Each structure stands twice: as C-alpha cells, then as structure tokens.
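Chains as they are written, first to last, in the working numbering: chain A, 1 to 232; chain B, 1 to 360.
Derived from the structure by calculation, the hints contain no laboratory data.
This one's a predicted model, so the numbers in the text were calculated from it and none came from an experiment.
Worth double-checking, as some hints may not be accurate.
Distance windows between CB atoms, simulated [unchecked claim]: (1) A:A217 x B:D64: 50 to 60 Å; (2) A:R227 x B:P23: 45 to 55 Å; (3) A:Q137 x B:R67: 23 to 33 Å; (4) A:P61 x B:L132: 25 to 35 Å; (5) A:S122 x B:T329: 46 to 56 Å; (6) B:R67 x A:A217: 47 to 57 Å.
Below are the SDA-like pairs computed for lysine to any residue, each with C-alpha atoms no more than 20 Å apart in a straight line [said to hold, decoys possible]: (7) B:K24 x B:G215; (8) B:K49 x A:E125; (9) B:K49 x A:F44; (10) A:K123 x B:K24; (11) A:K123 x B:G135; (12) A:K123 x B:G215; (13) A:K123 x B:L71; (14) A:K123 x B:K318; (15) B:K318 x B:L338; (16) A:K123 x B:F48; (17) A:K123 x B:K75; (18) B:K75 x A:R135; (19) B:K75 x A:A140.
Positions of the beta carbon are idealized from the N, C-alpha and C atoms, including for glycine.
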Amino acid sequence: MFDGLLGPEEWQAVRLSLKVALVATVASLPIGVFVAYALARWRFPGHQLLNGIVHLPLILPPVVTGYLLLITFGTQGAVGSFLKKIGIVFAFNWTGAALAAAIMAFPLMVRAIRLSIEAVDSKLEEAGSTLGASRRQVFATITLPLILPGIVAGAILAFAKAMGEFGATITFVSNIPGRTQTLPSAIYTFLQVPGGEASAMRLVIISVVIALAALFASELVARRIARRVAGS
Amino acid sequence: MTLALELRHSFPSFELDASFEVPKGVTVLFGRSGSGKTTIANAVAGLFKPDFGRIVLDGQVLMDSTRRVFLPPHKRRLGYIFQEGRLFPHMTVRQNLAYGGRFAPRQEAVENMERLIGLLGIEHLMDRRPALLSGGEKQRVAIGRAILASPRIVIADEPLAALDEQRKGEILPLFEKLRDELAVPILYVTHSPAEVARLATTVVAMEHGKVARVGPPAEVLSDMQVMPLGVRAAGSMIVARVAAHHDDGITELDANGVSLFLPRLDKRPGENIRVRIPAQDVLLMRSRPERISALNVIAGTVVEIRAGEGPGAMVSLKTDAGLLLARVTKRSVAALELAPGVVCHAVVKTVAIAPEDVGH
C-alpha cells in the first residue's frame, strides 16, 4: 500500500527504522526495568556512578557516544573482536544501529520507569511480604503491575527516541542503504542530493506520523492501565 | 501456640527494651504513640530488625541476634493487619483475600473462606477494587486477607485508628469474634483504653520503649502505677453478667452481686460482658446518697490515693464488683477526708458509659 507513496529506498529506510527501534526497545526493556528498580530501591556503593553512566548518553554529544561504541563494539574493538568470534557483528550492521539506538534511548526509558517505581508505596510491598510472598513474588505480583503504566511510557519514549537517533548511529554503523540507513539518515542523504527534497519531505511526514501515533498509543495504554489500577 | 520475644534497640530519641510472651487470645500492646508499640509489632513481622533480640514463635526461632538468625517476613507465616489497610489497589477484593493463600501451605488452610467472608460481611464487595471501598470496608477486607494467609500469629497495628466512631463500633465486635474463635495468638497494638477493655486477654503496657506492666486488663487498667496514657484516659474494667433488660431501656448487670445499670445493651441475659468505667466519670461520696439521678452507687473501701503535681488525684476503690478508679480533686480528697481504709460510695451515671466501653 505504501509502495505507491514511497520509493523503494524510502520504504526500505522506514522498514529498517521500525525494526531497529522495535528491537532496541524490546531488548533493552528488561535491563531498563532492572536498572530503574536498582536505582529507585537499592542503596549500594556505586549508586551515583551507575546513575551517571545511565545518563551519560543524554549529555554526551551523540557523535562521541557513536565513536565510543565504534572503538568498543567495532570489529577491532575490545568487545567487538570477541563477539565477532562467536558470530555477532555490530559494526556496519542493522544490529549496531539497534545497539546505538538502545543506548541513546536508555536514559529516557530508565527515568520514566524509575519515577513510576518511586511512586509505588513500599508499604504495599511490605504487606505482600508479610502475606508470604518472597521478594521476587512481591515484584511480580505487586510492583510490576503497579508500574506498568510507567513501563509502557518508558518503552514508547524509548521507541520514539530510537526512531529518531541519528548522530551515534551514523558514527557507529555509517549510512548504508538497506543495511544501516535509518529514517533520519535517509532524510539527511536525500537533502544532500539535488532533487531529493520531495523524498525527504515524505519521510519527514512519515516521521511525524509515527511519532504522534506512538505518543497517542502510549497515552491510551497508560490511561487504560491507570484506570484498571485505580479501580472502577 | 505462643510467641515469646525479647528486644533491645537504640533509637536517637529512646531506648526500646521489651520482653514478654504472647499466649493464645488477644495480647494488647498498650501505650501512647512513640512508646515503641509498632516497632515491636514490626520486629515480630520481620519488617524491622532490632540491634538485639530473640523472637520465638511456637518453638521456631524467627530471629536471634546472637545466633545471627533473621527469618525474612515471607517465611514467618503471619497475618498483619495494618492501620491503613494496605490493600493492593490493582486487585479486586477477591484477589486481595486470596493473595495470602497463594503462598500458604495448602493443607494448612485453617479458615473456611466462605464462612469468613460472611462473618466479615463483605460478600457484596468481592468484585470491587479497594479504591471504591469505604474505610471500614477496607479494614474488613484487610482482616480477611490476614486471616486467610493461614497465619500462626495475627498482628494488628491500630487497626481502628483511622476509622470514625461508628465504623469502630462495627469492626470491634469482629475482633472479639476472632479472639474467641482463632486458635492462634493475636498481638494487638492500640492507644485506646476502650479497645484494651473490650479485647485484651493480656495487656502489655508500654512506656518510653519499656514494658511498664503485664497482666490481665482488669488489673493493668486499674493499676495506678501504670497509666501509659495519663490520668485523663484512665479507667477501670469490671466483668459483669447481663441480669435483665428493663422496659425503660435500661440493662441491669450483675457484677459479683453488685447491680449496675447501663443503657440498653445488645446482649443476651446471662452473657458475660466487660465494662470500662472511665475514672473521670466516677463521683465519690462518704455517705450513701439518696434521691440522686445517677443509678449506679457502689460501696467500697479506698485502697490508695495518688496525687500528682496538678489539682487532681486518683483514688482506687475496692468494691465487690472489682477495683474502681475515680479521678477527683485534691481539694475533694481533703474535704472528704479520704484515706486508705475509708469506706465510701462510688457514683456512676448510667449514660456515662459509652457503647464502645462495653464488650464481651
């Protein structure tokens, strides 16, 4: 259906971006929940350091984050060379774009989830433990359902951020059509060639539509969950 | 089943140092707020870890600081009824009630769920969420949830404190029922003398983190050495039998041969009840009064008189009905020449005894 609206190269970029953002969000969500929980509920040495590291991508120039990813996860990099031996390649691959997007979106995700965890009355968790639920069971049956709106909000925010990630992605995995050319990279490329404005404009509209749809969906889901939790 | 505990902990503002036993029945931890009652309840539940202590429930060590044993709350098998209910907002009443049962050993389910729901009067609330329940309804569900966890001890931390008088009057009889029916001990925290008089089988009076006195409620409440809430809240407790209901709305009680007249009670003749008589509602007279509106005149002998810094004095009176406390002024003590051994009469207005002061 979109074939008529978009050229093959544009369509490819949209599809790749959706895939990259989805994988980045889904793969980082469990880690995001864990880190948010640790930051919200545990006091441990290195608490401030962990908090700083999580927020680093938010304050570093994206190019710097991309370069750090390149020297770490590139095929010559410390981690990258090892991963290559077991068949995982991030460099100049869509998986690398997903990794970059996940890392750039991570602070937003963790912030949203952490806020929702801090809003949960820990007295409810205490009540759960006196009724025989272990810490894990308390988390699964009380904390998790109560923070679901926050998790959804965090995930959608991360997804939107991942869709739009540009600087770190292009630095880490370059801008290879069909492989690593995401929506923002494609818009950038079209703007560099004469007569590309029309293609760029179509992708810009798609971006706006996806972003708005994500926002709308998150509002809807969060409201529905909140209503269920509040009870009616 | 019995709970035995021994705790010590240093707080910036006070020292907690308590040891006592909780047998079957209701053991009321009684004292003003800040005296360490809730801290003790939380230590039993495992929600608070004292510096030093040993808690043994039914032969099992829940904590022992010298042996470095500390069982986490979920392994202690208890039912905790919190002041604010703490129902899970995302679950229905039914799910809240079933929560404890999910983790309890199935074969040990002591309570019949249907029967308990009927007793608590919450049948019609089962599919609602806590947000739509009133304070009293929440507390009923919280009680049910704790009992259905098949606990080995029930802990209730000021479960009525957040409720208005009418709701308290509805929930208190439920605790009386639990006291009479449950096989496990109940540790009940309160600062209300009325709740002590109605519920307690044993009272542990707390003052500044220390146990001031342990004993049956009639003794502890009329002990003038121990007034954890001060003289204003002091009062004695007597046990009496319902003798008759009179047509003019008065219920007659028989307290060891002494007739007492109370506003109509919803109790059957022959039933034993407890009545708390607030000390400041008791008048003293040297001679037996005649043509007086108050219906209760009880003869007795002064046992002890205690006067503090203020104008007031507390007089304890030995009567056939039991020990009575009267709060009078020092001036009256002098004018009436009251002293230990003096015979006098205690006068109590029928309407001075509130329904919340009467239990069974």
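Now for the hints, and whether the structure bears them out:
1. The hinted window of 50 to 60 Å between A217 (chain A) and D64 (chain B) holds, with their beta carbons roughly 54 Å apart.
2. One distance hint, 45 to 55 Å for the beta-carbon pair R227 (chain A) and P23 (chain B), holds here, with the actual separation near 47 Å.
3. Taken as a hint, the range 23 to 33 Å holds for the pair Q137 (chain A) and R67 (chain B), whose Cβ atoms sit roughly 27 Å apart.
4. Our hint of 25 to 35 Å for P61 (chain A) and L132 (chain B) is violated, since their Cβ atoms are close to 51 Å apart.
5. As the Cβ distance of S122 (chain A) to T329 (chain B) is approximately 50 Å, the hint placing it in 46 to 56 Å holds.
6. Between R67 (chain B) and A217 (chain A) the Cβ separation comes to about 55 Å, which falls inside the hinted range of 47 to 57 Å.
7. Straight-line distance between C-alpha atoms of K24 (chain B) and G215 (chain B) comes to about 14 Å, which keeps the hinted pair within the 20 Å bound.
8. A threshold of 20 Å between alpha carbons decides the hint, and for K49 (chain B) with E125 (chain A) the separation of about 17 Å falls inside it, so the pair holds.
9. Simply put, K49 (chain B) and F44 (chain A) have alpha-carbon atoms about 19 Å apart, close enough for the 20 Å limit, and the pair holds.
10. Annotation: proposed proximity of K123 (chain A) to K24 (chain B) is violated, straight-line Cα distance about 28 Å (limit 20 Å).
11. A distance of roughly 17 Å separates the Cα atoms of K123 (chain A) and G135 (chain B); the hinted pair therefore holds under the 20 Å criterion.
12. Note on K123 (chain A) and G215 (chain B): the hinted pairing is violated, with a Cα-Cα distance of about 32 Å set against a maximum of 20 Å.
13. Using a Cα cut-off of 20 Å, the hinted pair K123 (chain A) and L71 (chain B) holds, with the two alpha carbons roughly 19 Å apart.
14. Restraint check: the Cα-Cα separation between K123 (chain A) and K318 (chain B) comes to about 47 Å, which exceeds 20 Å; the hinted pair is violated.
15. Taking the CA atoms of K318 (chain B) and L338 (chain B), the gap is about 14 Å. The hint holds against a cut of 20 Å.
16. Pair hint K123 (chain A) plus F48 (chain B) holds up; C-alpha atoms about 13 Å apart against a cutoff of 20 Å.
17. Distance hint between K123 (chain A) and K75 (chain B) is fulfilled; the C-alpha atoms sit about 18 Å from each other, no more than 20 Å.
18. Only pairs whose Cα atoms come within 20 Å are accepted, and K75 (chain B) paired with R135 (chain A) is accepted, the gap being roughly 11 Å.
19. Note on K75 (chain B) and A140 (chain A): the hinted pairing holds, with a Cα-Cα distance of about 18 Å set against a maximum of 20 Å.
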